[in-house]
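> Okay, here's what each chain looks like letter by letter:
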Amino acid sequence: MRRIYMDHSATTPVHPRVAAVVNRFMLSDYGNASSVHHFGKVAREALEDARSQVADLIGADSPSELLFTSGGTESDNLAIKGVAYARRDQGRHIITSAIEHQAVLHACDALEAEGFEITKVGVDGQGRLDPEAVRDAIRGDTILISIMLANNEVGTLQPIEEIAAIAKEYDVLVHTDAVQAVGQISVDVEALGVDLMSLSGHKMYGPKGVGALYVRRKTPLQPLQNGGHHERRLRPGTENVAGIAGMGEACLLAKEELAIRNQYLLRLRDRLIDGIMSEIPKVYLNGHPDHRLPNNVNVSIVGIEGESILLSLDMKGIAASSGSACTSGSLEASHCLLAMGLTHEVAHGSVRFTLGRDNRQEDVDEVIRELPAIVERLRAMSPLS
Amino acid sequence: MRRIYMDHSATTPVHPRVAAVVNRFMLSDYGNASSVHHFGKVAREALEDARSQVADLIGADSPSELLFTSGGTESDNLAIKGVAYARRDQGRHIITSAIEHQAVLHACDALEAEGFEITKVGVDGQGRLDPEAVRDAIRGDTILISIMLANNEVGTLQPIEEIAAIAKEYDVLVHTDAVQAVGQISVDVEALGVDLMSLSGHKMYGPKGVGALYVRRKTPLQPLQNGGHHERRLRPGTENVAGIAGMGEACLLAKEELAIRNQYLLRLRDRLIDGIMSEIPKVYLNGHPDHRLPNNVNVSIVGIEGESILLSLDMKGIAASSGSACTSGSLEASHCLLAMGLTHEVAHGSVRFTLGRDNRQEDVDEVIRELPAIVERLRAMSPLS
Amino acid sequence: MYTEAVMEHFTNPKNVGEIENPDGEGQVGNPTCGDIMKMYIKVEDDQVVDAKFKTFGCGAAIATSSVATEMVKGKTIEEARNITNRQVAEALGGLPGNKMHCSNLAADALHKAIDNYEERKKAREEGTA
Amino acid sequence: MYTEAVMEHFTNPKNVGEIENPDGEGQVGNPTCGDIMKMYIKVEDDQVVDAKFKTFGCGAAIATSSVATEMVKGKTIEEARNITNRQVAEALGGLPGNKMHCSNLAADALHKAIDNYEERKKAREEGTA
Ligand SMILES: Cc1ncc(COP(=O)(O)O)c(C=O)c1O
Ligand SMILES: Cc1ncc(COP(=O)(O)O)c(C=O)c1O
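Residue numbers (this note's numbering), protein chains in the order written: chain A, 78 to 462; chain B, 78 to 462; chain C, 942 to 1070; chain D, 942 to 1070.
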């Protein structure tokens, strides 16, 4: 069966150029970057080249402001807990949003259980935060604001620049989870004015199990893991040279392709949105129509449930995702959709198509062709329609 | 230049069979293991297959007793801090040894700074612990004993079975860092009787950036990182499917080859030891002559310093390692060699050759041929000889 | 994740729809957890002669609804009462762990439909008494 | 890690050895940090005419010893006093950060040898006085 992958926000295929780099560092240049000998030096150079490539993509002042981690989840945990522990003497209040990824929300929950106080700022119906609501949440003991750059479910982009400017007035540090944004839209840490930023390799055609954390010079950070002298002791463990070099290559690729990727995906995205909206009755687009990732289509299909849509799509060879609790084994529908004010039924009926650089117009057209019949069949079974 | 890699305890090349598996999950079966669709299911299966392969190699009762991590350092941190936090109500005392890897020692240091108490049991001149010294260190509030199975520097094997038996008498949990042992010698968690055990992929022809932690059923453990529902919430983050599947394959390979690998390496190792001892005056073998990893040769060469030996070897195409501070940028020579009672000068003059499955007898013979001249040259420059 | 039996019942569910003038009907679930099942039964001489369902929910919810309506047909009211959620899951060759409690409600819906049937019967008997 | 200049001096160090009957000698470093340097100088008319070293230590330690002995030859005592560890490192095109403080001791060893030369000189002068 020809398969159409439209779940790029869950993970992307590794680009062949990236895989070639990973292979090189698995099979030939396999040294430990801490070793004194030839193999070690080659590995060390690869690490530092990758650091420059990441720094370059996000406009960091210096490659030394980047730490490599095992992924977005670790970057988020390190940023939030790392700052919280390092700044605990200055205050115990942290501001985040209601629609963050679980890595951020649950890191905050863990801190709350240890005595920190967390304020979760809400969002509007399109998933966007009001920077002034962040200002209102700031207290004398606020040490950190963590707000995502682009939401993973509905693709809404947040006004991080404004939020960072406000934070600066109060001398509060800002972290942004840019896992979904980097590689999709142009991201510049200097323009954003953030102090910390999380990235993940596998959301941008790089390998899984590797991520990065941007840490602006002089930002206080306590490591969560102890060991050797790797990554300035802020993230010890033998460096995943192959993965890191792969992530570097993915950043290089993103830099080369960004403008065209963006343009290309936007066109596909809007075609898919228009197709779904015109072919299927009682469908709503979730998220912001304009402040939105170029690859995200998230719709609520009234009267039916997300997992059953996904299963039906999968039988047609189409891979998508959903904000229904049934897909995650949790008991609640997507906290993000609920925070945007959707009812439980409607939240359960969400489907997310996230496009990638390998998707073609035919793929989009096939989804538009297949989805209506699926919806019709499931609606016929539903007591809600 | 033909290069001879004899630093397998630092890291191993990835076996081509492993690399092929990694490639498959980078390029074709690239799904996120949490996804509902086809790509997700294939990834999930790969994860669970790998879990079984690891479980199988170490004789775990059930694959569900294995968590995947980003490497040995994270496994050590998760084991030690995870148990410490989960059991803090029962006590705050932890026992470890003076010759552990920095991942264990520094995780313990971090806990000490938080109010836990750490006892570091010493070793004899050959790097071996006395189980009775562990017994003597046990107190009413001891919650965990963490002792490595095989030392990374001198290759000495520890009497973990006896230590675990003693710990059981006092109802204390036992963790062992088996990063250097698994894949080299037969390791069985049931025979050892340990509650937790750390593994790392890149020390056994698997990829860097992936590791595992064996956690015996019902062992209390608090996660150090929060996020999604991955790895029973004990280690969240999108699973590194390619890396994990690669580690699974590496375990399968180890299982297939173990007996012959062991035999083969032992022969090479002893040839190298004999050659060095007979060709160079004033050289001592570090570590235990018998209770020793089959691939470890660690010698102290009196009067000269390790890094200068490594550089000289590297110019001849031979990659080795050393316990000298100069190789690590720290200010102290190997804590392990010092704990074994070596003087600073002698500790600084250590060289470690760690053999691997690709080394040939010619490689060993070349080292035996090249090393004497290097030693002679450096000794001629040294004020100590 | 799902067994072949689940996928078969999800793909070709039996007894989808409503029964006009049912002898009993029952609904379980709630929007929060994402599963709502509605069951209709037709009863003759204390025997379930027909059953239909309408379900809003995941694959497991649809499959359990389908198989449960199949299981109940031909059974006496007493036998139908003894059908458990566990039996329904077993008839499908098992369900993923996380679906066992949240989407496996078909037997409950059935029991509600039977309750409803018996209430109506009682009401009718009282009405005619 | 090391520059080509470091590797060249490590591979072909200049002035290895001892000077018999030196006019000054100095030793720095200690076994703990893994670097011990011993320098010997020969002085004529307040000018360093020869310098040799013996060093136990890493690549940087050997290279800095070598280049420092080169640098000092032909210099007056006063000029030699002005040679700094930083200059020695610069002459090698720089050293890795962690080597800057722990293995970059050649100028210190040189200054000790000069001190020793001056002490001997003073002793001689006092002895003859
Ligand atoms: C917004 C966001 N943050 C964090 C993460 C976690 O990243 P990772 O999967 O690399 O742990 C994800 C993806 O899972 C994400 O979408
Ligand atoms: C004994 C021991 N424990 C732990 C580690 C850390 O493992 P990793 O390099 O995978 O973080 C190593 C190797 O570096 C080791 O030799």
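Don't read these hints as lab results, they were simulated from the structure.
Errors might be hidden in some of the hints.
So these bits of chain A aren't anywhere near chain B, every CB distance computed over 12 Å [claimed, not checked]:
1. Y107
2. K118
3. K158
4. H170
5. I262
6. A268
7. P371
8. G383
9. L415
Just so you have them, the derived chain A footprint on chain B, three or more residues with Cβ under 8 Å [to be verified]:
10. 85 to 94
11. 366 to 374
Remember, it's a predicted structure, so these values are computed and weren't measured experimentally.
Ideal Cβ positions, reconstructed from N, Cα and C, are used throughout, including at glycine.
> For each hint, tell me whether it holds in the structure or not.
Here's how the hints hold up against the structure:
At roughly 4 Å, the least C-beta separation between Y107(A) and chain B is not larger than 12 Å, which violates its mark as non-interface. For K118(A), the condition that its CB be more than 12 Å from all CB atoms of chain B is violated, with the nearest at approximately 9 Å. The non-interface label for K158(A) is inconsistent with chain B: the shortest C-beta to C-beta separation is roughly 9 Å, within 12 Å. Every CB of chain B is more than 12 Å from the CB of H170(A) (nearest about 19 Å), matching its label as outside the interface.
The Cβ of I262(A) lies farther than 12 Å from every Cβ of chain B, with a closest approach of about 21 Å, so its non-interface assignment holds. Non-interface status of A268(A) relative to chain B is upheld: no Cβ of that chain comes within 12 Å, the nearest being about 28 Å off. Every CB of chain B is more than 12 Å from the CB of P371(A) (nearest about 20 Å), matching its label as outside the interface. Once the 12 Å rule is applied to beta carbons, G383(A) is inconsistent with being away from chain B; the minimum gap is 9 Å.
With a minimum CB-CB distance of about 17 Å to chain B, L415(A) clears the 12 Å threshold, and the non-interface call stands. Given a C-beta distance limit of less than 8 Å, the hint that chain A covers the segment 85 to 94 of chain B holds, as 6 residues qualify and 3 suffice. Coverage of a stretch by a chain is defined here by at least three residues with a beta carbon nearer than 8 Å to that chain's beta carbons; for the segment 366 to 374 of chain B and chain A the count is 0, and the condition is violated.
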